[in-house]
Amino acid sequence: MTMTLVWQSLLAGLANSFIYAMVGIGIAVIYKGTRIVNAMQGDFAVIGGMTAVFALSSWGLPYPVGFALGILAGTATGWLIDRFCVRPMMRRNAEEDAFLLLTIGLAFTIGAAVLYFAGRDAHLLPGLGGSGSVQIFGAFMPVHAIWLIVISLAVVFGLWAFYRWSIIGLSMIAASISADGAETNGIDVSRMRGYTFALGGAIGALAGILVTPLIAVSYQMGLGITLKGFAAAILGGLANPLGAVIGGLVIGVSEAMAVVGLSSGYKDVVALGIMLIMMVLMPNGLLGHAGRKGG
Amino acid sequence: MSRLSLWIVLSVLAICALPFVLERHSTELMIFAAFYAIAGLGVGLLLGQCGIVNLAQAFFYGIGAYASAYGTVVLGWTPALGMLVGVGVAGLIALAIGWPILKLTGFFLALATLGIGIIGTILFFEWDWLTGGTLGIGGLPPLSIAGFAFDTPDRFYFLAWGVALGLLWLAHNLTNGRPGLAMRAVRDAAPAVEGLGVDIHGLRIKVFVICAMLGALAGSLFAHYVSYVSVESFTVQRSIVFLLIPVIAGPRVVWGVVPGALFVTLVPEWLTGFGDIHQMLFGLVLVVVVTLLPEGLTGLPARLGRRVTR
Amino acid sequence: MRISRYFRAATAALALLSAGPLSAQEKESIRLGAILSTTGGLASLGLAERDGVLLAQKVLNARGGIKGHSIEIVVEDDSSNPDAAMSKINTLIHSENVKAVIGPTGIAQTVAVGALTQREEIPLLAFTGMGPAVEASRTCVLHLTPAQGLNARALLSYVRDNGGKTVGVLHDSGYGQVIWGVMKDLGEEFGVTFTAVEKFELSAADATAQAAKVKASEPDMVIVLSSNATGFRNLRQVGLTQPIVSVHGTALYDVVRAMGDASDNVVYAEFLIAEDPLPNQTEFVAEFQKEYGRLPKHFEAAGWDAVMAVAAALEKTGPEPAGGALCEALRGPYPGAFGKYDFSAPDMGGLTLEAFSYSLLTKGAFSRLPYHAK
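First to last, the sequence lines map onto chains F, X and Y. Mapped onto the working numbering, the consecutive letters of the first sequence carry residue numbers 1 to 295. Mapped onto the working numbering, the consecutive letters of the second sequence carry residue numbers 1 to 310. Mapped onto the working numbering, the consecutive letters of the third sequence carry residue numbers 1 to 374.
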C-alpha cells in the first residue's frame, strides 16, 4: 500500500463526500422546515440531472439554460408534492410513518416514471471546466469535482445566511418549531412548508446536476444516494446543513479507506454501519446540539 | 364485527375452492400471494400494532430461504429441520439487532431497518460460500411432512394457505386479547403506558422477533416451492413490497394482509402488459392510498358509507 | 392484457400479410416460448435479445414458415428475477404448450429454469455460457454465448500475445464476479500476473477508490469485467493510460455511450462488429438494419440465432416432434450469425477461441483489430 494510493483514494472519497453532503443538505433543509424525513431526496437529484441532460442533448439548449431548467424541475416537483400530497395529510394530522410511506411511494413512482419517459440508459453531462483532471501531489482529481466542492460550500454558506437573516428563512423555521405560535404571529404556515419543499427540491436538483458529470444519472440511483445523504445528515444532527457536510466527509472518507484497507465489497457496509451506530449512540449527531425528536 | 367475520368466512371458503377452478398459472400466483401474506403479516403487526415501519423484512425472508437451501442441499438436512433452523436464526438475529435499534422511533427506526436490509443484501452477495452468490443454490427437495410430499402446485397451495390462514387466526386472537391492547396503547400513547409500568422496549422487541420469524418462515416455504434461491429475491425492493402489503389494505386490521398480498401479486401481473409503465402505476396507487385513504382499501367501504349517509 | 396476447395478435397479423404459395395461416402455427429480462437490471441485454428474436420470427414467417406452419413466439418478461422466471416457465410449458424456450437472459435464471425444462425434455436456448457443474448433465439446455472459462481465455490470449505480463482486474459483483472466478486460476497458464484485483457493487455508481487501487499496482494492461460503464469511467478519471481489455458484455452501444470520454483505447473480445461484419453475419446485419434502422450487436444476433436454430431443427423433426426429438435434432453443428455453434459439444455451445473477433474502441467507435486468438 503506497502513500499515493491512500492519497488518491482520499481525493476520490472527498469528491463523493460532497455528493453525499449535497443530498444530506436537502434532507436537512426539509427536516428543518417541516419535521419530515424525505426518503425521495435522491430522486430530486435524478429529476434535476435528467432534465439537464435532455435539455442539452435532445433539445439542444445551452448549458446554463439546461442547468436552470434542471433546478426549476426539482423546485416545481418539491412544490407540487407539498401541494398535492403533504398538505392533505397535514390537514388530517397524519402520523410520522404515513409521511415516510408517502416519500417512499414517491421515490418508487418517480424512479419508475423516469424509466418510462427517459429510458433505462445512464447519461452523462459535460463537466464544469471541461472533462480534464488536475494532478495534486501525484493523484488525480477531475476539475469538475473541485467545482462541486466549491458550489456545495457556497450553498451551505448561502443557507446559513438565509436562515439567519432573511424574513422568509426565519419564518420557515418558526413555522416548523411551533405551527400555532407562528400562525398567531401572522406567518402563513402552509405557505412556508411549500417554500421549504421547493427549496429542498431545488437543492436536490442542483446536487443531481453537479453529480451527473462524475456519476452517470439513471432512473435507479435515487434510493442509493438518498440513503448515503441521510447517513450524512444523521451524522450532522439532521437539522443542520453544515452538519451534513461534516457527516458527508466522515461517510465518504471512511468508505474510501474501507476500500483501501478492507475488501472493496464491504464499502457500503462500513458507511451504513457508521450511520446505524451513530443513530443509536450519538442521537444528536457529531455537532451535538441540534436536537431531533425520535432518536 | 359480525360483518367482518362474515367476510372472513367467505374469503376462507373462496380460497379453499380456488385451485379447482383456476388454471395452473393463477394457482401459482396464489401460492406466491400466500408467501407474501405470511411475510406481510409480520410487517403488518409491527406497523399496525406498534407503529413501526420495517424495511428489513426481505433480509429475514432471505435468512429463511438460505437456511432451507443450504441445510437441505449442502448439509443434507430434512426440509423440516432446515425450516426450523431458518426461523430460529432469524429470530435470534432479530433479537440481537432489535435490542439496540428499537430504542429509536419513527423515521429513524425506519431508516435504520432500511440500512440493515441493505447490509443484509450485501452480505448475501459477499458470502458466496454460504449463499452461492450470484449463481444461487438450486435443487431443493420438495417439502414433505410425515412422508407426504407437497410436490404439485395444488398440494402446495393448500399447505401455504393453510399456514397463512392459521397464522392469521393466531395473530387475530393475539391482537384482540390483552397483548394487542398493550401494543396499541404503546402505539397511541407511549409515555402514559410507560407510567403504568408496561415494558415498552421489551414489547417492541417481541413483535420485531415475531415479524422476523414470520419472514423467515415465508422465505423457507418460498425456497422449497421454487426449489432455487438467489440474491435477486432478497433485495430492498422486495422489502418495500412487503411493507406495501399491510399499507394497501390498512395496517390496523390483521386480515387486511390478505387483500394486500393479493394486490401486490396480481396487480403487477395484470399491468405487466403495459411494459415499464406498470411500476409507475403501482407507485401511484401507493401514493394515492397513503395520501387519501389513511385506513387503506379495507377502510374504503366504511368511508364511502359515511359519505352516503351524511 | 398479457404481453403474449399482443404477440399472438401480431403474429396473426403477420401471417395474414405474408402472401405466397405456402400461405402459412392455413395450418396451425408452431408455438415457441421466450423468457427474457426485458425489465430490471438485465434489461439492456434482454431487450436486445428480444429485437433479434422478433426479427427472426418475422423473417421466417415472411419466408413461408416451417413446412407451411407459421412460427408464433410467446415472449414473457422475468424482470431480471429468477423466481419470476420460474413462474413464467411453468406457464409456458403447461399452459402455452410451447415446443422450445428461447432464453433466459441471466445466469441465475438459466440454472433455475433449466432444471424444469430438462426434466420435460423441452429445449432451452439460453443466452448465457455454461455455469455451475450441475449444467454439464443438462443436455437439453443449449448455450448461445461462451462459457465463462472461454471468455477468460479470450482476454488472457490477447494480453499475452500483445506483450502484457502484468494485469490489473476491476470487476463487478455480478457477471464480473462469475468470470473472475474462472480467470483467477488461468494466470499461470498464460504467463500473466494479476497485480491487483478489485471488486465493486453491481449497483454502485462510483468505484473510484477501487480504480485507484488498480492503477497504483502499475499493470501493463487492465481487464474490466462488468456489465456497465462505471469501471471504465473511473479508471480513466484516476488517470489510467494503459489499454483496457474487456468482455463482450459491455461491447454494447448504450454502455459505450454511458462511458463518455472513457470510450477510448478499449479492446473487446467480442463477436459482431456490425460496422465491418464477417461473411456469415452480413445477412443478419442487413435484415436488422432494414427492420430497425440501426446496427445490431451480438446479443441481437444471439436472439436471431436461437430462433433460426430451432426452426432448422423443426424442419428436420416436423411440426410435432416427439418427446426429446427436438433436443436430439438441435444437438449438432449450427452456423450462426453470432459464431459457429456446435450444440453437441460438452459445453452445449461449442464456441471456440476462433469464434472471437477483437475490436478496438476509439472515441466511441468500434473497429476490427487484425488479431486472432489461438
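Derived by calculation from the structure, the hints in this document are not laboratory data. C-beta: ideal position from N, C-alpha, C; glycine also. Among the hints, erroneous ones may be present.
Within a straight-line C-alpha distance of at most 25 Å, the following computed SDA-like cross-link-like pairs (lysine to any residue) qualify [stated by the list, open to error]:
no. : chain 1 : residue 1 : chain 2 : residue 2
1   : Y       : 363       : F       : 190
2   : Y       : 184       : X       : 227
3   : Y       : 99        : X       : 227
4   : Y       : 58        : X       : 272
5   : Y       : 184       : X       : 123
6   : Y       : 184       : X       : 126
7   : Y       : 184       : Y       : 58
One-sided and incomplete, this derived list gives chain F residues near chain X with beta-carbon spacing under 10 Å [as the list claims (entries may be wrong)]:
no. : residue
8   : 36
9   : 121
10  : 126
11  : 128
12  : 130
13  : 161
14  : 164
15  : 186
16  : 230
17  : 267
18  : 277
19  : 279
20  : 282
Status of each hint after checking the structure:
no. : hint             : in the structure
1   : Y:363 with F:190 : 52 Å, violated
2   : Y:184 with X:227 : 30 Å, violated
3   : Y:99 with X:227  : 23 Å, holds
4   : Y:58 with X:272  : 23 Å, holds
5   : Y:184 with X:123 : 22 Å, holds
6   : Y:184 with X:126 : 17 Å, holds
7   : Y:184 with Y:58  : 43 Å, violated
8   : 36               : 8 Å, holds
9   : 121              : 13 Å, violated
10  : 126              : 28 Å, violated
11  : 128              : 31 Å, violated
12  : 130              : 35 Å, violated
13  : 161              : 28 Å, violated
14  : 164              : 26 Å, violated
15  : 186              : 29 Å, violated
16  : 230              : 6 Å, holds
17  : 267              : 9 Å, holds
18  : 277              : 9 Å, holds
19  : 279              : 6 Å, holds
20  : 282              : 12 Å, violated
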